[in-house]
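Colleague: Single-letter residue listing:
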Amino acid sequence: MSYVIKGETGDWEVVIGLEVHCQVISNAKLFSGAATDFGAEPNTQVSLVDAAMPGMLPVINEQCVRQAIKTGLGLKAQINTKSVFARKNYFYADLPQGYQISQADQPIVGAGTIILDMPDGSTREIGIERLHLEQDAGKSLHDQDPKRTFIDLNRTGVALMEIVSDPDMRSPEEAGAYLRKLRSIVRYLETCDGNMDQGSMRCDVNVSVRPVGSDELRTRAETKNVNSVRFAMQAIEFEAARQVEIYDNGGEVVQETRLFDSQKGTTRSMRSKEHAHDYRYFPDPDLLPLVFSDELVAEIKATLPELPDERKDRYINDFGLSPYDAGVLVAEKDTAIYFEEVAKGRDAKMAANWVINNLFAVLSDKGVGISESPISAPNLGELLGLIADDTISTKIAKDVFEVMLETGDAPQKIVEDKGLKQITDTGAIEAAVDAAIAAGAAQVAQYKGGNEKILGWFVGQVMKATQGKANPGQVNKLLKEKLDG
Amino acid sequence: MTKLTDLNIATARDGLAKGDFSAAELAEAYIQAVEAGRDLNAYITETPEVALERARESDDRRAKGDHIGAMDGIPVAMKDLFCTEGVLTTAGSHILDGFVPAYESTVSANLRSAGAVMLGKTNLDEFAMGSSNITSYYGPVKNPWTGSDGKDLVPGGSSGGSAAAVAGGLAMAATGTDTGGSIRQPASFCGIVGIKPTYGRCSRWGVVAFASSLDQAGPMTQTVQDAAIMLGAMAGHDPKDSTSAPIAVPDFEAAVTGDVKGLTIGIPKEYKMDGMDPQIQALWDQGIAWLKDAGCNIKEVSLPHTKYALAAYYIVAPAEASANLARYDGVRYGLRVPGDSLDDMYMNTRGEGFGDEVQRRILIGTYALSSGYYDAYYIKAQKVRTLIANDFKTAFQDVDAILTPTAPSAAFALGEKQDDPVAMYLNDVFTVPTSLAGLPGISVPAGLSSDGLPLGLQVIGKAFDEGTLLNVASKLESAAAFNHKPGREG
Numbered sequence: 127m128s129y130v131i132k133g134e135t136g137d138w139e140v141v142i143g144l145e146v147h148c149q150v151i152s153n154a155k156l157f158s159g160a161a162t163d164f165g166a167e168p169n170t171q172v173s174l175v176d177a178a179m180p181g182m183l184p185v186i187n188e189q190c191v192r193q194a195i196k197t198g199l200g201l202k203a204q205i206n207t208k209s210v211f212a213r214k215n216y217f218y219a220d221l222p223q224g225y226q227i228s229q230a231d232q233p234i235v236g237a238g239t240i241i242l243d244m245p246d247g248s249t250r251e252i253g254i255e256r257l258h259l260e261q262d263a264g265k266s267l268h269d270q271d272p273k274r275t276f277i278d279l280n281r282t283g284v285a286l287m288e289i290v291s292d293p294d295m296r297s298p299e300e301a302g303a304y305l306r307k308l309r310s311i312v313r314y315l316e317t318c319d320g321n322m323d324q325g326s327m328r329c330d331v332n333v334s335v336r337p338v339g340s341d342e343l344r345t346r347a348e349t350k351n352v353n354s355v356r357f358a359m360q361a362i363e364f365e366a367a368r369q370v371e372i373y374d375n376g377g378e379v380v381q382e383t384r385l386f387d388s389q390k391g392t393t394r395s396m397r398s399k400e401h402a403h404d405y406r407y408f409p410d411p412d413l414l415p416l417v418f419s420d421e422l423v424a425e426i427k428a429t430l431p432e433l434p435d436e437r438k439d440r441y442i443n444d445f446g447l448s449p450y451d452a453g454v455l456v457a458e459k460d461t462a463i464y465f466e467e468v469a470k471g472r473d474a475k476m477a478a479n480w481v482i483n484n485l486f487a488v489l490s491d492k493g494v495g496i497s498e499s500p501i502s503a504p505n506l507g508e509l510l511g512l513i514a515d516d517t518i519s520t521k522i523a524k525d526v527f528e529v530m531l532e533t534g535d536a537p538q539k540i541v542e543d544k545g546l547k548q549i550t551d552t553g554a555i556e557a558a559v560d561a562a563i564a565a566g567a568a569q570v571a572q573y574k575g576g577n578e579k580i581l582g583w584f585v586g587q588v589m590k591a592t593q594g595k596a597n598p599g600q601v602n603k604l605l606k607e608k609l610d611g
Numbered sequence: 007m008t009k010l011t012d013l014n015i016a017t018a019r020d021g022l023a024k025g026d027f028s029a030a031e032l033a034e035a036y037i038q039a040v041e042a043g044r045d046l047n048a049y050i051t052e053t054p055e056v057a058l059e060r061a062r063e064s065d066d067r068r069a070k071g072d073h074i075g076a077m078d079g080i081p082v083a084m085k086d087l088f089c090t091e092g093v094l095t096t097a098g099s100h101i102l103d104g105f106v107p108a109y110e111s112t113v114s115a116n117l118r119s120a121g122a123v124m125l126g127k128t129n130l131d132e133f134a135m136g137s138s139n140i141t142s143y144y145g146p147v148k149n150p151w152t153g154s155d156g157k158d159l160v161p162g163g164s165s166g167g168s169a170a171a172v173a174g175g176l177a178m179a180a181t182g183t184d185t186g187g188s189i190r191q192p193a194s195f196c197g198i199v200g201i202k203p204t205y206g207r208c209s210r211w212g213v214v215a216f217a218s219s220l221d222q223a224g225p226m227t228q229t230v231q232d233a234a235i236m237l238g239a240m241a242g243h244d245p246k247d248s249t250s251a252p253i254a255v256p257d258f259e260a261a262v263t264g265d266v267k268g269l270t271i272g273i274p275k276e277y278k279m280d281g282m283d284p285q286i287q288a289l290w291d292q293g294i295a296w297l298k299d300a301g302c303n304i305k306e307v308s309l310p311h312t313k314y315a316l317a318a319y320y321i322v323a324p325a326e327a328s329a330n331l332a333r334y335d336g337v338r339y340g341l342r343v344p345g346d347s348l349d350d351m352y353m354n355t356r357g358e359g360f361g362d363e364v365q366r367r368i369l370i371g372t373y374a375l376s377s378g379y380y381d382a383y384y385i386k387a388q389k390v391r392t393l394i395a396n397d398f399k400t401a402f403q404d405v406d407a408i409l410t411p412t413a414p415s416a417a418f419a420l421g422e423k424q425d426d427p428v429a430m431y432l433n434d435v436f437t438v439p440t441s442l443a444g445l446p447g448i449s450v451p452a453g454l455s456s457d458g459l460p461l462g463l464q465v466i467g468k469a470f471d472e473g474t475l476l477n478v479a480s481k482l483e484s485a486a487a488f489n490h491k492p493g494r495e496g
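Residue numbers (the working numbering), protein chains in the order written: chain A, 127 to 611; chain B, 7 to 496.
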């Protein structure tokens, strides 16, 4: 499923690297004790350190360090037990210190990998170059006053993990899969909530193009702050086409920072003034190098939850699910937990089918996530139990499912209230079968004449007579016995 | 009875304990002295109400028999680089106009909890950048000592206001900060004791930053014993400063025994510089003789990278300063000079708010960190710094302390060297290597120049060995019997 851009001068492929900023889930900011709640009143979560008052000093928050190590381990990455914080210098009104404390040449996490689950069930391995810790900036609010810009420092100093991929992706779909997988991993780890719409996960997209078959890396353009998976894919599509057009016209792509316009699905160049930065990185003299022991890494490693890749393998190996179904079920931790509760002690394949084919359709119609599912996992499990023990047929189960959706009632109760319990009493079924045969002399003749399909007519008659409650297997068996006999 | 302002920390402590006078009387005496000595321009902000209030609190504690701190009732001046809650804090700069912190620096808070009484905030070179206190937005400080021709002299810097206040009797003691010599050089120029402790000994929290990897607070006092008392009250581990050393503070006063017999004192041959003032060499030789007489072994040591120290310092310190001073942008506090755009506002504010020397150092630092120059300047300077620290490490394998002059000259006239920054930077030639190595250094007044001006000797110690340092300094102090007083006292 290669992604090829047909240019006038030939076929081109796109080379994509992503820089993702993940806001660390923590009790407090990276270097100050201030809280980090989303959506608080402006400037209510600001310490003296965040506001860069004279003489204030940063002190590292150990919890943020642990979260970064945990994320690094989740990315199967090298953990650097010694790393260095550096100052990245630039002036902006929402950057009170006049520098961002970040990590430059000595990040806390080195090379790792992410495995992408592609829609066709195949996988792709993408390299992670590094993960480093840094401070977030505040927010400039340009829309509060016609003339002035307001500054909200609540976000100032919040811990971010910047996760940089290798330029390993070759299509917008792969980039989308990367973002979804990364989000899934950090959510499993509970190191970042991954909510791109709230800005707790933000993405910068690096795109270049090259002729198909070439392995060169051409000049890239970086599109900043793309805040959804779909937007990232759109930005890549647009950028790739734009760059191909430039080369087709004999031009050169310039290395620059661009902004994504979510209304138009396009990117545009930032004014050069805004990005002509020489950041003058140097080690922050207010902070000692960040050093921790291998024991700490081992301790954190021992607390790692089962991650999506391992879970997927387990679903394939233990439950016999297809790689596609397994991938779909593990993508969100909540879905996986839901599924496992449904499947517990039951037929896992059947559970997977019900969750993926029936429940997902409903959730998607209602536009809600699994955590807001109108049908609880125990209830769906109970429904599957009723099918398994022949209390109801699969067909009746679908009706019960609809009622569950509306009422939220337990399936057992619905079956009892509505008298939907399957008839498995052979005597009662036999009577209905006999009645059908008696009433269908013409159909009997057809059957005897070799038309086996006519059997369905008899089944229909029996089901009609029993309001669909007769056990279909028993009905078929009896009909055949009697007609053949 | 002696004038209350003639007392020092140790003698005042005794007088207060005996009830000879109250802390309030002591404070009153100093408040009057401060007023009378205003022509020195040693203070930017006088805080007589704060002083009296704290003095009365001290008297109350004593009356009630409450715990009495090491500095209880002692009137001190605070260098205006320490943020003080509710009291204007300027760093000697226009850019901090009207800045009244809502917090108290750890060092000043430590002093307060030891019972010290704050008289006011002393003048300093702007952002502690200078060696003569002429870069202050609040005007130059005059040295209480005057030249033989009666000319006004600089007090040294950057802690010039603190040094002048202590020498001129406008404070019993004062806090200083030292980045490359800013405690020791003015102490030498004003004939007082000044110690820069080991980097990490005193918290930097709440001290307006100049160069974070070098800045260190310390006491400026009339005697070595006072320095020991006051340092004990200022120092201590502070979890709010990541570079603060998690080490207990020893009883420095107890370390000053006066017995230095058997100690080995190093004399660094590289400090004997070409063209050195013969008076300075003579003073140094005298110091060596005193310590020899006291039973010390004298040993020549080599600090081979000394000649690169000043150059390395003037890369590292401005580089750090260029980032540390970025926060003064007119957005949140201090001066704001409006402009048509954010960038204009920055340029107007910083252009008006910072003086020439500060702007010069921001430019030097920005340049040294710039892409393409970083390796040649900043990285190289850091390498030199490591070599210098190693020089000391090697030397201290053989010696217990090192003796050098504090400054290459006595105090010079106001206006001198002002247009020659490099000549000005040379003031710190003997103090900067210690700062780069993070080691403690103390300046003790040891004699007078031919013009009748004080000259100091510097003792350099091992990291966190301020006890030995103070003890050796105390021996020099008693041998020198320096009891000269400046011409103009407050």
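The set of hints was computed from the structure by calculation and includes no laboratory data. The model shown is predicted, which means the values in this text are computed figures rather than measured ones. Hints should not be assumed to be uniformly reliable.
[To be verified] Only pairs whose alpha carbons sit at most 25 Å apart, straight line, appear in this in silico DSS-like list of lysine-lysine:
#1 A/K208 with B/K389
#2 B/K246 with A/K208
#3 A/K132 with A/K390
#4 B/K70 with A/K214
Colleague: So which hints don't hold here, by number, going up?
Modeller: 4
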